[in-house]
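**Q** Taking this note's numbering, the leading residue of the sequence shown gets 82, the next gets one more, and so forth.
These are calculated hints, taken from the structure and not from any lab test. Worth double-checking, as some hints may not be accurate.
Ranges between beta-carbon positions, derived for each pair [claimed, not checked]: (1) S103 <-> N181: 33 to 41 Å; (2) R120 <-> T201: 41 to 49 Å; (3) R120 <-> D305: 16 to 24 Å; (4) V320 <-> L217: 35 to 43 Å; (5) D305 <-> N226: 31 to 39 Å; (6) K330 <-> D305: 33 to 41 Å; (7) N181 <-> V320: 31 to 39 Å.
Below, simulated DSSO-like cross-link-like pairs (lysine-lysine); rule was C-alpha separation at most 30 Å, straight line [stated by the list, open to error]: (8) K89 <-> K275; (9) K112 <-> K275; (10) K206 <-> K161.
Predicted model, so just to flag it, every value in this text is computed and none were measured. By construction, the Cβ of each residue, glycine as well, lies at the ideal position given by its N, Cα and C atoms.
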Amino acid sequence: MSEKHLYKSIVFLDLDGTLLNSNHEVTTNTKAALESARRNNHLLVIASGRPYSQISSLLSDLEFSSYILTNGQYIFYENKEIYNNYMDSNMIIELIEYCNDENIEVGFYNETKHAIRKSTPLVEKTLEHFFINKPLEDYDFHHKNNVNMMLLFTENTNHDLILKERFPSFNFFRTSPYSIDVISKGNSKATAIKTMISKLELEGLPTYSFGDSMNDIEMLEITDYSTAMKNGVDETKAVADYITDSNDKDGIVSGFIHWGLI
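All chains should be built: construct the whole structure from the sequences, respecting the hints.
**A** Put into structure tokens, the structure is as follows:
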């Protein structure tokens, strides 16, 4: 059944570096803007690389019930799962073998849990960067659980290109100086947006997107009206229709005003 009659538009919002400021908080002004946009009948959807297990309390606090997580690997609408994609287990094993040879540590995510194989100084630095509490250490997590997304801990940017060439069945996104997100090839925030719109029969509604990072580029490209944060990477700004203030200067508020959402 179509949900189109309920909304004026759909607004897709990244979390880190976008909705969240540098202290990993949502400002009072930004919260007010979200509430105002909802009152104006805009469907607000979180689109993040993070798994639900890391941000469930944040989603609840901000009253988000629709979200695209782990870079598009699963989708919820009104707190109901409408799509879930797991990575190929054999390819995970091949990637881990390569990571073992290269001394790259690995983390795993699914819709309810996240884990690391073992803790290292670089892992600790990455967790601190993303304000993540130390997850479970489980060396064989991937043998006992389905996996939506992997996290590779490496500061060596040479690995970025090598991984893409060696493992064409995966998509790789560097989302911090210390880590790379890994998901199934063909999946992204952008493909998840298309899936969500199709499943809910929301075709024809205007779409807006807000992001700052490399894994937001495709999302910005496929939505009707795209906004990059001033603090975003140059590649994201290059594809955006509008560049708003930074995440520390209530850029979401400025962007919502610019597009007439509030």
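**Q** Against this structure, judge whether each hint is valid.
**A** Each hint, compared with the structure:
1. S103 <-> N181: 33 to 41 Å: holds (34 Å)
2. R120 <-> T201: 41 to 49 Å: The hint (41 to 49 Å, Cβ to Cβ) holds, given that R120 and T201 are roughly 47 Å apart.
3. R120 <-> D305: 16 to 24 Å: holds (22 Å)
4. V320 <-> L217: 35 to 43 Å: At 37 Å between Cβs, range holds.
5. D305 <-> N226: 31 to 39 Å: Given about 37 Å between the Cβ atoms, the range holds.
6. K330 <-> D305: 33 to 41 Å: violated (25 Å)
7. N181 <-> V320: 31 to 39 Å: Since the Cβ atoms of N181 and V320 sit about 36 Å apart, the hinted range of 31 to 39 Å holds.
8. K89 <-> K275: Holds, at roughly 17 Å.
9. K112 <-> K275: holds (27 Å)
10. K206 <-> K161: Since the Cα atoms of K206 and K161 sit roughly 34 Å apart, the hinted pair is violated (cutoff 30 Å).
Going through the hint list in order, the structure does not satisfy hints 6 and 10.
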